[in-house]
Amino acid sequence: MTNDPTRGSFLIRGAAVLGKERTDLLLQDGRIADIGAGLDAGSATVIDADGLVALPGMVDPHTHLREPGREDAETVETGSRAAALGGYTAVHAMANSSPVADTAGVVEQVFSLGREAGWVDVRPVGAVTVGLAGQQLAELGAMADSRARVRIFSDDGICVSDPVLMRRALEYVKAFDGVIAQHAQEPRLTEGAQMNEGKVSAVLGLAGWPAVAEESIIARDVLLAQHVGSRLHICHVSTAGSVELIRWAKTRGIKVTAEVTPHHLWLTEELVRSYNPVYKVNPPLRAEEDVLALRAALADGTIDVIGTDHAPHPSEAKDCEWAQAAMGMTGLETALSVVQHTMIESGLLDWEGFARVTSATPARIGRLADQGRPLHAGEPANLVLVDPAARWTVDPQAMATKGRNSPFSGRELPGAVIATFFRGHPTVLDGKLNTPDRSRSTAAAAAGGGK
Amino acid sequence: MRHLLSTQDLSLANAIRILDTAEEMAAVGEREVKKLPALRGRTVVNLFFEDSTRTRISFEAAAKRLSADVINFSAKGSSVSKGESLKDTAQTLEAMSADAVVIRHWASGAPQQLATSGWIDAAVINAGDGTHEHPTQALLDAFTMRRHLAALNGTDSVGSDLTGFRVAIAGDVLHSRVARSNVWLLQTLGAEVTLVAPPTLLPVGVEHWPCKVSYDLDSVLESGMDAIMVLRVQAERMNASFFPSTREYSRRWGLDDARLARLDTLGMTDTIIMHPGPMNRGLEISSSAADSPRSTVLAQVRNGVSVRMAALYLLLSGDLRDPVPVYSPASARRPGPAPRSTNETGGNAR
Chain A
0 MTNDPTRGSF LIRGAAVLGK ERTDLLLQDG RIADIGAGLD AGSATVIDAD
50 GLVALPGMVD PHTHLREPGR EDAETVETGS RAAALGGYTA VHAMANSSPV
100 ADTAGVVEQV FSLGREAGWV DVRPVGAVTV GLAGQQLAEL GAMADSRARV
150 RIFSDDGICV SDPVLMRRAL EYVKAFDGVI AQHAQEPRLT EGAQMNEGKV
200 SAVLGLAGWP AVAEESIIAR DVLLAQHVGS RLHICHVSTA GSVELIRWAK
250 TRGIKVTAEV TPHHLWLTEE LVRSYNPVYK VNPPLRAEED VLALRAALAD
300 GTIDVIGTDH APHPSEAKDC EWAQAAMGMT GLETALSVVQ HTMIESGLLD
350 WEGFARVTSA TPARIGRLAD QGRPLHAGEP ANLVLVDPAA RWTVDPQAMA
400 TKGRNSPFSG RELPGAVIAT FFRGHPTVLD GKLNTPDRSR STAAAAAGGG
450 K
Chain B
0 MRHLLSTQDL SLANAIRILD TAEEMAAVGE REVKKLPALR GRTVVNLFFE
50 DSTRTRISFE AAAKRLSADV INFSAKGSSV SKGESLKDTA QTLEAMSADA
100 VVIRHWASGA PQQLATSGWI DAAVINAGDG THEHPTQALL DAFTMRRHLA
150 ALNGTDSVGS DLTGFRVAIA GDVLHSRVAR SNVWLLQTLG AEVTLVAPPT
200 LLPVGVEHWP CKVSYDLDSV LESGMDAIMV LRVQAERMNA SFFPSTREYS
250 RRWGLDDARL ARLDTLGMTD TIIMHPGPMN RGLEISSSAA DSPRSTVLAQ
300 VRNGVSVRMA ALYLLLSGDL RDPVPVYSPA SARRPGPAPR STNETGGNAR
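For the record, the sequence lines run as chains A and B. Quick note: the first sequence, position 294, residue 293 per numbering that gives the first Met the number 0, numbers continuous. Quick note: the second sequence, position 343, residue 342 per numbering that gives the first Met the number 0, numbers continuous.
Chain B with its partners taken away, still in its complex shape (with noise of 0.2 Å):
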């Protein structure tokens, strides 16, 4: 692997490998001098065709910690204005000798032609592009989960998979690069993942991915669920008429105070509340709901510096372009009954 595209083409291995290094790196981070010399005289850039501090900043972090140097390229062009192309971009860091690419880009597809096209020989990591995926949002997700489901379980987390453990992922999947990212990585690592949300906020095409569909967020819930990851729902998409109003949609998918006392009254004491941020309070998520015991909102984002540091120390020290060992599942597995289903399943959600 010398590039991370998607998840969908992340492999097991290479995935709990991604992780397991994180994990090392998380322990960089608790120490006094936060810094590893792995990457000194390396360059990663930074190539940002769409706003996004918080991505942004969670690489600089990871490379800077790794002891790269880093250059922010903020190239923002839309659809409307066009910017500098991607391949003069492109041609242009080629030329300032950058190892890695981090590329943000409202374009779906935009790295994998960055990668693909033999404009440049960097690495490229996708940190999210257009509606299509951002897989070390995914990674970092995933990471969360795995801690969470270590301790639960008081195994270590290292080398651990997600087997049997019930995700919910409510809100607009339709724009989302996170749901997508998240679908395939989840599955990959064995979760049950259950997509909730209006019809219209749904791709079609949706009932041939590999995960389980409702319109209805009571039931999922009543059916059992280990976290809850809400998506942020824009609200321009009501002016589009993929839901009639805020309110509306708050009172049918949203995270709200009753949703979130059901989960003691159903006895889901160690169900935990993600969100990729930024949220909006009140639409899809409460402030109590977000500012819960339950919520791993500023984990993720802790987390999300350490999966970043070993996607950038995995693909630039050529760890994951070597065969892997072949994974085995660990011993650490959760105990207890098989998870149950929901009521609404997939095959008809449009």
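If we strip away everything but chain A, and leave its shape as in the complex, we get (with noise of 0.2 Å):
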């Protein structure tokens, strides 16, 4: 096995790591071998990343793979070659497949295609209702147990409005340290709602999907999980009034995460005037005072992490009335930049700080031990060196993902992924994908004989 890929040692030449002082760093056998400046390359691959930045391997907590179901959409091949050319090295496929990921056996179905595909760790969501229908727990215990490990459950897109039920849940993933990550959207009142409820939607005439709706969700299950101990996390905060809750609820100690996409940090209810269904987003595109107040919390650690909540859709589901088109926009090749255009751009966070909230942050709420770790000597070899001077368009018709639905095209965005490293295996080069890591799977495992 000497041509094997994984094998192969990499001398990374002068990264800023964090985009702090340069240095070099060793990666072998899957680790970061050695770290400092001057390091010997000996028979190491030499990677020449001057005017580069190292970060730790990003980590989606929120990514629609849409397999099994709806392959026409996205696959966990597709979709984990998009997230390793966003600079992922781990994504958490959430549970909205068909069948629904409620079962340890599509748990573990989800968790080897993200094995075969091989170009991030693939971490299943389980739901937290059977088929998301909010009646009845789904087996939590059992896909906590089973090969895909799984600590986040959801039934994302989907709240989990009884309160029973959500207490019940909270209470019940202490069991085996998991976390209920709730998307917070109260059902009566936002039955058919179409955008963000406001003087854009008064003038438009579409639905209003009112801030209330999320806020009193929130306001309930931090509430919740302040009785009864538990761990909750809040998917795609998108609103002033959601971060004040949040806030508050962390200044009682209450143990709340939460996360911000990519797009809530920057686009707002206007581009809605265009009717253009790419703009259509669940929770919707809030105003501009949102947008603000959503980079602050980022900044100050109220907001922990970014979850791109990628959404491909095939495009028959958005090239039709506003009224009848599919919530979500891609997000996985585009959050490093927009996160490096509204973040860091704004001084708001600097690289180390990009590296708490798109690493090692969501790597601990997910409890994924060899994801989200320091840049140092032993650590697993999951990393990204990024160009932030880079420019590019985006253009959705070039990604790798099967979803065309980025609101972010035709944009010129900042900072490029010029490397993923995954297990120290390089799955994007030169900006390029490069191979998957195929180690793991399970034709690596027949050929090596297994353990």
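Hints should not be assumed to be uniformly reliable.
[What the hints assert, rightly or not] With a cut-off of at most 25 Å between alpha-carbon atoms, the simulated SDA-like pairs for lysine to any residue come out as follows:
hint: 1; chain 1: A; residue 1: Lys198; chain 2: B; residue 2: Lys75
hint: 2; chain 1: B; residue 1: Lys75; chain 2: A; residue 2: Gly409
hint: 3; chain 1: B; residue 1: Lys86; chain 2: A; residue 2: Lys198
hint: 4; chain 1: B; residue 1: Lys34; chain 2: A; residue 2: Gly409
hint: 5; chain 1: B; residue 1: Lys75; chain 2: A; residue 2: Gly191
hint: 6; chain 1: A; residue 1: Lys198; chain 2: B; residue 2: Asp215
[What the hints assert, rightly or not] A partial selection of chain B residues facing chain A, derived with a Cβ cut-off under 7 Å:
hint: 7; residue: Ser84
hint: 8; residue: Leu85
hint: 9; residue: Lys86
hint: 10; residue: Ser107
hint: 11; residue: Ala109
hint: 12; residue: Gly129
hint: 13; residue: His131
hint: 14; residue: Pro197
hint: 15; residue: Pro198
hint: 16; residue: Val205
hint: 17; residue: Pro209
hint: 18; residue: Gly266
hint: 19; residue: Met267
hint: 20; residue: Thr268
It is worth saying that the hints were derived from the structure and are not from the lab. Remember, it's a predicted structure, so these values are computed and weren't measured experimentally. Note that beta-carbon positions come from the ideal geometry of N, C-alpha and C, so glycine has one too.
Build the complex from these two chains, which are given one at a time in their own frames, with help from the hints.
Encoded structure:
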């Protein structure tokens, strides 16, 4: 197995780790073997990282890979390719597939597909309730004990609106250190909702999705989490009011974490005036003051992580009337650039902070031991090299995801992923897909005679 | 201007242009032969994704009086049962070389999507989309008001606007495309608009609109109005708790017999009563109000054909695509005291 690319070693020459001092990193046997100035390359392949920033591989707590069931929209293979290109080494695949990921069988299937693809760690999210129906708990323990070792549970796309069911779920997952990731949307307040309720919806005649529908659920759930002493994660926070509630909960010591999407850090409801369904998303694009509050909250730690809510859709789901269009936007391949634009170039966050919100904290929320680790000697070699000076124009047709529904289409963005190392293996080199890490696929296991 | 999609983006000059052209078209309707050769050989498609016999026959009559070929395309589909997609329908019409598409759709924004998607090259006229806009309805309402004002002043309505004209729009503003189109157009024409509705039937964000807002129809009437436009209220709204009962709605926001009589008591002899139809007699408007000499309901229907002829003619002849001369307000202005404001104005109305 001397040609096994995962066994190859790489010397990254002169990368600015977390945007700070330049140093060399030697990657060997899937780990960072050494770090420091002037390392000897030996037989390692040298990668010139002059001008590049080295960051821990990004971890997405919130991705829709659509498989099984909607392979026309995305597959684990295409979605995880997109993730690698976006600088990710791990993604959490949301449970709203078909069949729903509400059993050990389905989550193991998704987990295995991720292993076979070999571009990133694919960690399935388990459904909280059977079929996302909000009626009875799915077998959370079986999913936690499965090979997929599920720790994040979510009915994402649908709110666990029944307060008793939510309470029980929060309590139950304590048995295996799980967390409930809530899609905060009061269903009765958002029946038929099409966009943020406010001055733009009033003019456009589109049914409103009021901020209070998100905030009332968050208020309820942080109190429930406090009452039962459980971990709670809030998906895609989108309003200034939600930020205030989470800030309040954190000052009370409630174990709540919160996520924001790149698109909610930049885009506003004004874009809906075009009636272009590429801007239709759930939760909806909000007002400018919400965007600014979300940025400030991410900077001060009230919001903990970036989650892409990558939601690919086939073109016909967006090439139609606004009211009929599917909700969701792609995000894996633009997340880094959008966060650089909104948070780093605005001075709100440095690269160290970027690593915290895109890697270390999401890995901790998902209990991923080998992800989100600091770039130190001996740590797993999950890292990404970024050219912060690069500028590129978003072209959805050129993306690896099957989804063409990028709201950033045509925009010029800063920052480009030059290389992604997944367990020491370069999944992306020179800004292009390289090869997957097949070392843990079943084929590799068979060829290597197992463990 | 290639399309007529909303009144919000309609300039004062273009609005006056359409209304003035509609006056010329109205003259055609009074002839023995009610037909002009202006659009001979052009194809106008009435594309209706939602039933509306009134609007469709109005556009059909308008197109036929201009000698256009008319195709009626009923593509009914609802959000529940998807019909043919808008894209496929549009491309079909493009293949049939439609020159203008008059579209009625249950989805807000569908006409704008049709006009900007690149699926079709035809001029698009919005004949009502969801709860967004209904620009030709607002134009025919403005046309009706302008004629009324000119008659009172003994002047020619051509070239005039509605400066100082006080209009109350009462009813379900939240779900009304007619109200939205009227608010923008009447504001452009200089009228003063007051919306009157239960707070549940006003959109969040209405405080940003260029009009006053009140919950109290009686005080609005007392403040003096030149036109009262009553909107249709659907009884189904009652089931969604927008108001407790149709009786309570009528008592508080209906133009009933008592309020009709109040107009005389208040000395508002020239105040007109408007309704876009179809009316719910006994709910938002009483029969005696609907049938009173103040009512312009039938004039509105008649004027609708003229306004739609004007819109079709101007869009297809290209007259609205060229820069138009700078509009200068005509000398015809309403004399008399400055209009008073209502007691309750916007700001906190949600």
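Provide an ascending list of the numbers of those earlier hints which the structure does not satisfy.
1, 2, 3, 4, 14, 15, 17, 18, 19, 20
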